[in-house]
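J.: Okay, here's what each chain looks like letter by letter:
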Amino acid sequence: MNTVSSTRHGLVSRVVILVALMAFAVLPLLSMLTAALAPQNSTPPGLAWPEDPQWQNFADAWTAANFLALFESSVLIVLGVVPAAVAMAAAAGYGLAQLDVPGGRFVNALLLVGLTLPFEALITPLYYNLRDMGLLGTRWAVILPLIGLLMPFGVFWMRASFLRVETALTEAAELDGATPWQIFRQVQLPLAVPALSALTILFFLATWNQYLLPLVLIDDPTMRTVAGGLGAFQGEHGTNIALLCAGSLLIIAPSLLVFLFFQRHFVKALLQGAVK
Amino acid sequence: MTRDAGTRPPGHLVRRPTVGTPDPGPPPGPHPARRRRRPARRWSALLWVAPAMIMYGVFVLYPLGQSVQFSFYEWDGIGPATPAGLDNWRAIFTEPELLGSVLHAFVLIFFYTVLPVSLGLVAASLIRELRIGAFNTTARVVLFVPQVLPPVAAGIAWTWMFSTDGLVNQTLSAVGLESLTRAWLGDFTFALPAVGVIGFWLSFGFCTVLLLSGVGKIDPSLYEAARLDGAGRVAEFFAVTLPGLRGEIAVCATIGTIAALASFDVVQIATQGGPGYQTMVPGVEIYRLTFLEQQVGQASALAVFLAALVLLVIWPIQRLGRHE
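In the order they appear, the protein sequences are chains W and R. Going by UniProt numbering, the residue at position 13 of the first sequence is 13; the numbering climbs one at a time, nothing skipped. Going by UniProt numbering, the residue at position 106 of the second sequence is 106; the numbering climbs one at a time, nothing skipped.
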């Protein structure tokens with residue numbers, strides 16, 4: 001029972017635990033992959049490499065899922081939501097942290113209401129309001145409400161970031177005669193880049209994975225987000241396991257690739273976003 | 001690149017005279033304008049907050065008010081609404097279907113919060129101090145995958161896992177437990193726990209990584225002190241690890257609890273509330289009542305109740321986490 005062998009033993013068992021956890025995280029996706037390669041309309045086993053992998057299932061699913069249209073739609077919705085939401089959150093966060101906004105405490109209290117608000121609490125009136133605005137069925141029906149729904153978290157996030165900036169910096173700029181806009185652009189914004197990029201990632205995830213809003217507010221699945229389109233795809237091809245699994249993997253592949261490519265930033269942003 | 005931008009002293013930007021800026025001249029009054037601002041500037045500060053607040057007001061606060069208002073009416077979404085007093089609210093506590101959906105959401109809290117946090121704590125304290133570079137990074141990334149996928153994808157993947165031919169039954173058969181195999185999501189007894197497992201899968205990796213990073217921040221001297229006091233692994237866990245992770249636990253619990261109470265995506269994809277109403281949760285019930293049964297008033301009452309419930313449950317968790 002010398003210490004060297006007992007620490008080595010500890011190390012091995014720790015690695016084993018970690019590997020088991022990792023396996024648990026990826027098993028459902030692996031099971032999907034092997035099922036996706038089985039002959040269509042067959043009943044594949046849960047997890048076994050097929051003898052004759054049917055790679056063309058992915059090509060069929062590409063067409064069946066209308067992949068290009070769906071992908072384009074998701075990108076359009078993300079481009080509609082994320083830059084605008086980040087800009088508005090940054091401006092409001094700056095105002096609340098650094099400028100003496102009249103009624104600032106009231107604004108904070110109002111935003112606090114929305115911080116834990118489930119989307120389900122708004123979906124019914126949103127449906128009727130957007131119908132009356134004539135926006136139902138268009139991408140605006142998802143973009144506009146989502147910006148509003150992201151505001152509480154975004155503003156608090158940016159406000160916390162701007163509160164950390166020393167007031168001496170702003171005051172020095174003020175004495176030099178800089179307007180709030182110049183101070184914002186040239187002093188504050190450069191300092192806020194890490195907070196801004198984390199917020200961008202969090203907003204991207206919230207938009208890309210959004211399911212309830214597109215499901216209710218946009219009839220045409222090809223105009224929805226990836227998550228919304230995925231739901232519709234399951235509805236149509238739920239019985240064809242191979243095609244369903246191939247299509248689902250195709251549809252989630254972009255998020256997986258983006259995540260793996262920027263994984264450092266994703267993990268950091270998610271951890272930070274959680275702790276705030 | 002982000003780091004550079006964050007640390008670069010922006011002094012040179014401040015000093016640079018900017019074209020178009022009027023010369024401020026000598027500051028008016030006896031005191032130079034330090035913290036005091038001119039009223040005109042104060043009011044123009046509102047412009048910074050306005051866009052965010054307009055979007056928030058139009059698409060969140062106003063609809064929220066409408067939800068409250070709708071909850072006192074009976075309305076099919078088309079014809080005229082008739083006042084219903086407290087009927088919709090009373091129904092939440094008397095109709096088994098509605099009350100059941102709320103209770104199911106609380107059962108899900110166990111799977112979305114209690115299980116991932118407890119198992120995450122065990123995992124984090126076992127893996128603590130495991131510093132083998134590349135492997136650690138890989139582990140973080142892999143454990144994070146469920147968190148970045150759309151929950152809808154988790155719903156689809158696990159519907160397949162839980163199906164008659166899926167991996168869960170395949171594994172049971174392989175170890176000789178063939179008698180236990182079933183269509184899990186269609187089983188009256190096991191459908192809700194099965195949905196819970198999906199939620200567990202979604203939150204477990206994230207909790208573990210968050211707790212692991214928290215463990216890394218605990219002062220190692222605390223562990224040394226505990227060891228000198230003769231603490232065993234278990235005592236060490238309760239004396240050092242658990243208190244040190246208070247904040248992280250509160251975060252996991254908050255996120256998990258909101259995800260459980262306000263669950264929609266996974267349940268709608270995996271079971272749509274069935275079989276029967278065995279997995280019905282408030283989120284799916286609100287959707288169903290509004291868009292399939294045209295009971296807008298009842299849906300709104302449940303929606304407002306759900307929002308209040310989330311606040312009520314989150315409050316104590318947040319307080320526990322703050323108390324450091």
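Certain hints may be false.
Unchecked claim - Lysine to any residue pairs mimicking SDA-like chemistry, simulated, CA-CA at most 25 Å apart:
no. : chain 1 : residue 1 : chain 2 : residue 2
1   : W       : Lys268    : R       : Pro220
2   : W       : Lys268    : R       : Ile78
3   : W       : Lys268    : R       : Arg322
4   : W       : Lys268    : R       : Arg233
5   : R       : Lys217    : W       : Pro50
Calculated from the structure, these hints are not laboratory results.
J.: It remains to establish, for every hint, whether it holds in the given structure.
T.: Evaluation of the provided hints:
At most 25 Å may separate the alpha-carbon atoms for a hinted pair to count; Lys268 of chain W and Pro220 of chain R meet this at roughly 23 Å. Note on Lys268 of chain W and Ile78 of chain R: the hinted pairing is violated, with a Cα-Cα distance of about 47 Å set against a maximum of 25 Å. The hinted pair formed by Lys268 of chain W and Arg322 of chain R meets the criterion: a straight-line CA distance of about 22 Å does not exceed 25 Å. Under the criterion of a C-alpha separation no larger than 25 Å, the hint pairing Lys268 of chain W with Arg233 of chain R is inconsistent with the structure, at around 30 Å.
In summary, the hint linking Lys217 of chain R to Pro50 of chain W is not supported, as the alpha carbons are separated by about 46 Å, beyond the 25 Å threshold.
The earlier numbered hints that this structure contradicts are 2, 4, 5.
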